[in-house]
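Novice: Quick note, the sequences are listed as chains B and C, same order.
For the first sequence, the working numbering assigns the number 1 to the initial residue and increments by one for each residue that follows.
For the second sequence, the working numbering assigns the number 264 to the initial residue and increments by one for each residue that follows.
Keep in mind that a hint or two might mislead.
What the hints assert, rightly or not - Sample of chain B residues facing chain C (criterion: CB under 8 Å; computed from the structure): (1) Leu55; (2) Pro73; (3) Met78; (4) Gln83; (5) Ser87; (6) Pro90; (7) Tyr104; (8) Gln105.
Claimed, not checked - Some chain B residues flagged as far from chain C (calculated, every beta-carbon gap over 12 Å): (9) Tyr4; (10) Gly9; (11) Glu33; (12) Ser41; (13) Glu114; (14) His195; (15) Ser236.
Quick caveat, the hints were computed from the structure, so don't treat them as lab data.
We put the beta carbon where it would ideally sit given N, CA and C, even for glycine.
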Amino acid sequence: MKNYLAIDGLEKRFASHGRAAFKDVTFAVRQGEFVALIGPSGCGKSTLLHNISGLSQPTSGTIKLSGSVIDGPRAEMMFVFQQYTKSIFPWKTVLQNVLLGIKYQSGLSHAEQEKLCLEHLNLVGLGKYPHYYPYQLSGGMQQRVAIARALVRRPKILLMDEPFSALDAMMRVELQDLLLKLWSDLGLTIIFVTHDLDEALYVAQRVVMLGASPGKVTVNVDVPLPYPRQQIETRSEPVYLQLRERLYNNMMEQVMASRAGAV
Amino acid sequence: MTAKVQAMLRESRLTGVALIFLLLALWQLSAIYLVHSPTWPTVTTIFESWFENIADGTLIKHLFATLWRQMLGYGLAVVAGITLGLVMGYYRAFYNLLEPLVEILRPIPGPAYLPILVLFVGIGHEMKVVLIFLAALFPILLNTYSGVRSIDRVQFDTARTLGLTTFQTFRELVLPAASPQILTGMRISLAISLILAVLGEMVVSNDGLGYFVLLAQRTFKVPDMFAGIFTLALLGYALNRLFLIAERRVARWHYESSGRL
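This is chain C alone, in the form it adopts within the complex (with noise of 0.2 Å):
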């Protein structure tokens, strides 16, 4: 192999999205002279339901269902984890009240939280958005007050002998300082918020991808089931994609010092 070839394949990403298309190649083989199966749909025909199921906006209609819960259980996680762990983090007594409650709610599963939500919320669209709460506020909520944590003391002296109040200590040192780890947190709780609204939508529901991609298994519409979960893998994918590029905006002295940009 020459070193020309050598550096192309360390240096580009092209040989990733190329495997992406030759697996996509092999299944529709597979799928033409070997497997015939109702189950085992040609990517050509999920392709022709997805864009079917576009086209009438059956799609987009899920899509949005989807999304709006998600971001509404994510968005009440955002601000709810961060305000406790900015409170957790400043204040000692605080810490000690709410850490082992913390310790000992965080390890539960989001989705055990569905039973007892089923009895006391119901089975409606709040359910699914306290669920999808419940599951992403641990981790922002940890990141966040380990991060103001681990500020140094030089920089709270420094706040002290330039006369900060507490208020103006939170806005010039505390959350700009706690500020990449807050955005780690919000990142993890991002694709868990997407996990648990699926769920949710698995569960129970009547709109969302979630009920779109099971009931279409049920009525043995694989290709639209398939065209439901390529929506979903888009859908994340958009959603991490976009939250990078803040991440870099927002905290870009963060990578910049540490020579991660």
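This is chain B alone, in the form it adopts within the complex (with noise of 0.2 Å):
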């Protein structure tokens, strides 16, 4: 399944002023990859998983899934937002969120959703909280609540908005490595978007990156580092430095070039 995701030829304009944030967007994900995208700001990234999504359309060209359009969500692709404090309710307790990701779909009785949750809750280490609230929480704990809400539904795909940037560095790691286990315990396919070139390294089989607005795919490189990756000794491979270097200087030119073009 070479394609199993393929975006092509993608281009959005905004109505508002005109502007491309990105055109000629073509790149493809294999099931069961963990692709993530990079890119300097406004080079309309977050946009561009927003579009993968469905829950904007893209102004011309393309996104398949397995060969069907995407024209809307859909219940096999999951986002999980960088604003877990919005996109987790604050009026609801932890299992009541994760259960509403099932409650209007499943044919469950309440008791065996409610057992699913706490099961996903476990799987993210969130085994002891179900009824607290999230501001009782730590912000890395609230973006794990976001992601046992994705997993209950049984998602083949996770679309990740910069989940992790928000959060100080010591969590920022730990939820990486979450990120990880469940990756290849569950046989996800996920695209991670990320303004962090290591963050980007560390976690994915392969780097996307977009160009300054409008972007364009810049570069698309494979990370041949083997799993379990590890937060010391993955990132001092030299296949990792090397990596590093390109991805940077790539990134620099890129921001040099809308600089230049800006003036």
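Both chains are given apart, each in its own frame, so use the hints to dock them into the complex.
Specialist: Below is the structure:
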């Protein structure tokens, strides 16, 4: 399944000012692959992820999942937002938030739904906190709730929009490792948007870089580092460092070019 | 002043309660020693007639007459204000259609509806209920739609990715997210509804606290008049207190997450 998720000639213009966020974006994602989407700020990577999820539509080009065009949110794709304080509803407990993922879908009884939710809370390390309210939890724990709510729906694809960028360094590291474990245990396909090169190289099998606005795919490179990855060892491998340098230089070129173009 | 006394003055509400009793005492003394007038009765006389009016059921009857019409008008305003506000806040087309009308009607002071209502609804119970309804409607309506409109885009996107229908989105997201603001509107309108109930009763009525107070004044039963006003003060205070308790329960998450409980 080379072209499980195929993005082809995608362009997004904003109706308000007519400028393109990105254009001619083409790449494919294999089933079970972990792809990081990076780029300088303003390159449209978040907009691209929204397009892929079906929450918004591209101006032209197509996104196909197993050959069928995506034109709205799909049950098999779940989105994890950067703003967990909003995405997790503050008036619901942790358990109620996760329940919201399945309460209107599954044919399960309420008790079975609860059991399933608790299993998924265990999966993200929140088994002891089902009756807490989000404001009683740290940011990292809140984002875990969002991940549990996404996973309880048994998605095939996880679309993550800078999910850890609002967290402090220690929590980010912890959640990166948790995500890698979930990915390998559950056989997910993940598209992970980040502006952090190190994060992208650490988690992903492949890094797709968008250039500065209007964004285009400037780099599409495999990350040939073995899993499970280790925070210290992986980050000091020669391959990691070479890729990091290459991507860094490319990103700087993009930023400079867009600054020169803007003047 | 010692630190202990300063801390007491800052932390305790006892001084505020003491002030009320001090003012009542001054009133009592001034009525005994300074002002000898039938329009300035002693506090004890007022309390005597207060208890008499309670004992013979007069005040209770008028209290419930006021409370009944207030709650009727207010209840209708709550239902209509929230329903219309949710629709206006959620659907842009309804907002564009109705918002200018609301902005034109909203500044009209509640009492100004009275002459129109007398013409079209008459001078009975219904007139007062409609008067209360109209005055109480706008704060609830406004707060509801502005509450809905300020819901974050991310939350609607979340609802969409979870596959919620419109009805489910209202139930799980829109109503709870807007509830702190809806409750604020409801609390403002609760006070307004009491004002308009008393006003309506003063203009034309044969029961209710407004009627009781005005009649007492016109028949020179000044202690009765004050007794009626004291009753209104307690009623307003009790309603607000009850509402705050209910509000804290319903929107507990809001107060706790913003650190205000």
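Novice: Determine for every hint whether it applies to the structure shown.
Specialist: Tested hints:
1. For Leu55 (chain B), the interface hint holds, the least distance from its beta-carbon to any beta-carbon of chain C being 5 Å, beneath 8 Å.
2. A distance limit of 8 Å between C-beta atoms decides the matter here; for Pro73 (chain B) the minimum to chain C is near 5 Å, and the interface restraint holds.
3. For Met78 (chain B), the interface hint holds, since its Cβ comes within 8 Å of a Cβ in chain C; the closest pair sits about 6 Å apart.
4. Interface hint status for Gln83 (chain B): upheld, as the beta-carbon distance to the closest one in chain C is roughly 5 Å, under 8 Å.
5. Satisfaction of the interface hint for Ser87 (chain B) is found here, the shortest Cβ-Cβ separation to chain C being roughly 5 Å, below the 8 Å cut-off.
6. Interface hint status for Pro90 (chain B): upheld, as the beta-carbon distance to the closest one in chain C is roughly 5 Å, under 8 Å.
7. A distance limit of 8 Å between C-beta atoms decides the matter here; for Tyr104 (chain B) the minimum to chain C is near 6 Å, and the interface restraint holds.
8. Nearest Cβ of chain C to the Cβ of Gln105 (chain B): about 7 Å, under the 8 Å cut. The hint holds.
9. Distance to chain C confirms Tyr4 (chain B) as a non-interface residue, since its nearest Cβ pair spans about 20 Å, more than 12 Å.
10. Distance check for Gly9 (chain B) against chain C: the nearest CB is about 25 Å away, which clears 12 Å, and the non-interface claim stands.
11. Non-interface call for Glu33 (chain B) relative to chain C: holds, since the shortest CB-CB distance, roughly 21 Å, exceeds 12 Å.
12. Every Cβ of chain C is farther than 12 Å from the Cβ of Ser41 (chain B); the closest lies at roughly 18 Å, confirming the non-interface assignment.
13. Annotated as non-interface, Glu114 (chain B) keeps its C-beta farther than 12 Å from every C-beta of chain C; the closest such distance is 17 Å.
14. Taking the minimum C-beta to C-beta distance to chain C, about 18 Å, the non-interface status of His195 (chain B) holds against the 12 Å cut.
15. Look at Ser236 (chain B): its CB is around 37 Å from the nearest CB on chain C, clear of 12 Å, so calling it non-interface holds up.
Of the numbered hints given earlier, the model fails none.
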